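J.: Each protein sequence line maps, in turn, to chains A and B.
If you're matching positions, the first sequence starts at 1 in this note's numbering and goes up one per residue.
If you're matching positions, the second sequence starts at 1001 in this note's numbering and goes up one per residue.
Worth flagging that the hints you see were computed from the coordinates, not collected in a lab.
Warning: the hint list may mix true and false statements.
Claimed, not checked - Below, computed lysine-lysine pairings styled on DSS-like, alpha-carbon distance capped at 30 Å:
1. B:1055 - A:80
2. B:1033 - A:136
3. B:1116 - A:117
4. A:80 - A:37
What the hints assert, rightly or not - Incomplete in silico selection of chain A near chain B, CB under 10 Å:
5. 105
6. 130
7. 157
8. 160
9. 164
None of these values were measured; they are calculated from a predicted model.
Each residue gets a CB set at the ideal place from its N, CA and C atoms; glycine is no exception.
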Amino acid sequence: MRIARAVAVVAVLSLLGLLVWDVAHGNGPGAAQQVDKGKIVPAPALDLPRLNGAGRMTLASLRGKVVVVNFWQSSCVPCKQEARELAKTADAWKGKGVVFLGVNAQDLEGPAHAYLKRYGVTYPNVRDGIGATWPKWGVVGVPETFFVDRRGQLVPPHIVGPASRSELDAGIRRAQQT
Amino acid sequence: MRLLLAAAAAALALAAPAAACTPRASQSDLETKLVCIQCHTTLDESDSPFATEMKASIAQQIRACRTEKQILDSMVAQFGPSVLSTPQTHGFDLLAWVLPLGGISLGAAALGFGAKRWARARTDASVDSTQTRLDAADERLVDEELARFDG
């Protein structure tokens, strides 16, 4: 009887532990929601396999540079609308301490590769198969674009929908100033 | 004659890709085993654009004579194990199969143990009741009543 009681207590404590862990690691408001309020917050980590290259890539490895992070899918029409503009802007800022990083999620690899080729995207892209990074970043759809400053902090604005050249330039300049 | 030869050559050319391989996987089976990552239902229950893309990718792989396992593996490589509609039977996913079975077994064992204890308690109680003796006054009363019936 004592053993049964001990097993029951252990089971209840384990379930409570799981509940606490889930609450502690649950999806609170994403970084995007903070940035939209004008706050500067640490950029959530990115450590993903490269889509157009071998190995993995981390956001932390780009510390010291301004990073433009763009979330996209090959089947998304607004993504296609901004793709060429992003590629051109990335080229224009090349060698000036600014890096563009694409995050492809919930997409098939074949169409994703074809998309990069079609729109002339040569800047680094990583692949997030199921969109596991979305909750922490607060991404709710694609395309969404973020600006990370040299210290790894997300700075406003956060662009939802197709980004224009002027919006991208303004975001980069703001990130350079922080 | 030339026309006949040309027709035969054309027929052979068209037949060649079809005869290149026999499909080694079923599209409908695979659609029940894979989940649309964007809409979170199995592919056979979804007509979303992304599910349609996944179905097209499966069809292409079947045409390329890939086996069911190869196709499932290619999807898992792209999206991780959550693209499968049922958990895998190895690694961490094995817990999804083992835990419910373990829970059911533990529950059954607890139920059996409880039933056994309850049955034993009832038997003990009935044994106790048969061993209860009447006091002398009650016994005399019962004897008198029985005598009345007999008489």
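J.: All hints, please: hold or fail.
T.: For each hint, the structure was consulted:
1. B:1055 - A:80: Given pair residue 1055 of chain B, residue 80 of chain A holds - Cα atoms ~22 Å apart, limit 30 Å.
2. B:1033 - A:136: Judged against 30 Å, a Cα distance of about 29 Å means the pair holds.
3. B:1116 - A:117: violated, 71 Å
4. A:80 - A:37: holds, 28 Å
5. 105: With a minimum Cβ separation of about 9 Å from chain B (threshold 10 Å), the hint on residue 105 of chain A holds.
6. 130: holds, 5 Å
7. 157: violated, 26 Å
8. 160: violated, 18 Å
9. 164: violated, 26 Å
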